[in-house]
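Could you slot chain U onto chain G? The hints should help.
Number of protein chains: 2
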Amino acid sequence: MLLESFLYREIHEQPAVMQRVLDRELPNIQRLVAAIREHQIEHVVIAARGTSDNAARYAQYLLGAVNGLLVTLATPSLFLLYQRPPRLGRALVLGISQSGRSPDIVAVLHEGRRQGVLTPAITNMPDSPLAQAADVVLNLQAGVEQAVAATKTYTSQLTLIALLSAALADDQAMSAMLLQLPAFVTATLEQAATIGQYAQRYRFMQHCVVIGRGYNYATAFELALKLKELTYSSVEPYSSADFLHGPLALVEPGFPMIAVAPSGVLLPEMQAFIATVKERGADVVVISDSAETLALGQVPLTLPAGIPEWLSPIVAIVPGQLLALHIAHSRGYDFDQPRGIRKVTETR
Amino acid sequence: MLLESFLYREIHEQPAVMQRVLDRELPNIQRLVAAIREHQIEHVVIAARGTSDNAARYAQYLLGAVNGLLVTLATPSLFLLYQRPPRLGRALVLGISQSGRSPDIVAVLHEGRRQGVLTPAITNMPDSPLAQAADVVLNLQAGVEQAVAATKTYTSQLTLIALLSAALADDQAMSAMLLQLPAFVTATLEQAATIGQYAQRYRFMQHCVVIGRGYNYATAFELALKLKELTYSSVEPYSSADFLHGPLALVEPGFPMIAVAPSGVLLPEMQAFIATVKERGADVVVISDSAETLALGQVPLTLPAGIPEWLSPIVAIVPGQLLALHIAHSRGYDFDQPRGIRKVTETR
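From first to last, the protein sequence lines stand for chains G and U.
Residue numbering for the first sequence follows numbering that gives the first Met the number 0, beginning at 0 and increasing consecutively.
Residue numbering for the second sequence follows numbering that gives the first Met the number 0, beginning at 0 and increasing consecutively.
One chain only, chain G, in its complex shape (with noise of 0.2 Å):
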């Protein structure tokens, strides 16, 4: 049941689906990138729900790291619901959305062109109502995805957004960079079946927090969306910097993290909030490719060496689906039609 199943497979899929995007959404990102320079865009609004929401955070940090963007997640209410929405001014108003038909989403693109800004789209369906009010789409490549708990579609999201921060920039580095992105997630996925095994230690865990910050604040997120969508328990993501202005008083011994902790400028931090945390009794699950931050837990999960910390999410949620998917698996759920919840989720 495990390996024939769709999520199993389409976990598995993600390298393949990566190179499609590299191999074909390179032109559209230069439409887009034309676009974004003749009209002189000056900070992005991102609307987004659900894991397309982490990968707007992602976004949120590479675009602002890179290439020097504000970035801002919109707030959708406000457009749909209260039709107060704000000034747009010289905004990127980007829609990431993979079946692009929740209504709030669309709402938010259909305000920016009557603002007359430039109003691109990141989907899996180019025919959607989000792609049709798109002046430009990015499409996912990643065919059709039937796991209700998205897993391809995300790691295709952020590998576009990194792509776009790329050539935006116009940074050949990066680009080549990208180009070993799909031999990284290869390597990553080498490990399946360890993680098989430590996802037993989990098979009782009731509430967990996910700790990750800047690039990985994203991956924190997401992480902590699929263990929630997939195992039932209560998952909470954090900043390591906003877990110590008050959740710290919820650690006791035995306390159950996460930490996603790469190598790059916030590893220090990183480090250090591991080692507060575990004074405290935690018990941590670490992934990172640096041996000796992986020494600081309980369980490490191994990422390959030699990946950039901004190209490091697009690698570092894959062991945490996996981890996610064999927790379920142990729990005997459904992983690819978890109850209660659709693959289309249209709210307002």
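Read the hints as simulated data drawn from the structure, not as lab findings.
Worth double-checking, as some hints may not be accurate.
Identical copies go unnamed one by one, so any copy, or any two together, can satisfy a pair.
[Claimed, not checked] Keeping only pairs whose Cα atoms sit at most 25 Å apart, straight-line, the calculated SDA-like set for lysine to any residue is:
no., residue 1, residue 2
1, LYS342, ARG8
2, LYS342, PRO252
3, LYS342, GLY331
4, LYS277, GLN205
5, LYS277, HIS206
6, LYS342, ALA186
Everything numeric in this text was worked out from a predicted model, so none of it was measured.
What follows is chain U alone, placed relative to chain G:
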């Protein structure tokens, strides 16, 4: 012990603090409004952590709906740790911090000054590093807050944001309504004894979800934070729309939820949401002024009648503060000094 605690007293001081803000801070608000007009501000960036970040969420909706301003919640790590701040353009960069001492928040204001933008601050400490980095300081007028969990400084932050929004819109009806705020909060506090009885029901609750949307998205976040800090339960905030995109899978019979659902544009949305989770067996606390909506839940926390939706977050958090206090009391926890956290958290 309960009645003599700092937390109990500070919750009950809130009408007096708001009155001081209304009496004393209008000149500073007017200075800030004049500066905003002079600088031709086009959008707003807010730097804050913890409780203050929840005040920022209120500002995101209020300044958006009333003043048409796009509000971005800053990503402080881009400014301090990565040293890659985005271009701020014609932004207002607002720092919110009770203590005014967190280095990451101060760093965002310093970068704002470096880029030549207007940098006001909202703080309880007019001599703090944050206040020193600010062009205009709005004072919380809260006196010393002794309990680690913030209460009176949170509602004072919201009051100042509402005063700013009203003054910027030159909206006399809003300003007049704000004068009634202390009386609304006093009326809400009169329920304190009832909430103490309801809290018994949650003595052994280990996890919980708090739902709010629009203006009260902030209330959901702040109530979840109070419950985490004071009761050590795992409590997660959501907008009703985001909850439907995946986390709905968590709901099973008896799943505890708190819905913040005052009268206003979003009430039908929240009513439909409560009906959806009740079908799946959720056990719902409802915070509302609407009798029909209160009747949808197992436990009603009643708000006074006549509060407009935009003002409701400043009142709707109060029964939540009391609920968190009484649950902590029923568990025998130290609610003035929760384990593991301090009043001033300095993060980078």
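State whether the alpha carbon distance between LYS277 and GLN205 is at most 25 Å within one copy, between copies, both, or neither.
So LYS277 and GLN205 pass the 25 Å test inside a copy (19 Å) and across (22 Å) alike.
Can you tell me if LYS342 and ALA186 fall within 25 Å by alpha carbon in one copy, between copies, both or neither?
neither (29 Å within a copy, 45 Å between copies)
Between LYS342 and GLY331, at a C-alpha cutoff of 25 Å, which is it: within one copy, between copies, both, or neither?
within (20 Å within a copy, 44 Å between copies)
Reference check for the pair LYS342 and PRO252, CA-CA at most 25 Å: within, between, both, or neither?
Only across copies: LYS342 and PRO252 sit 23 Å apart there, 38 Å inside one copy, limit 25 Å.
Alpha-carbon proximity context of LYS277 and HIS206, limit 25 Å:
both (17 Å within a copy, 22 Å between copies)
Have a look at LYS342 and ARG8 and pick one of within, between, both or neither, based on CA distance no larger than 25 Å.
Cα proximity of LYS342 and ARG8: one copy only (17 Å, versus 48 Å across).
Of the numbered hints listed earlier, the single one contradicted by the structure is hint 6.
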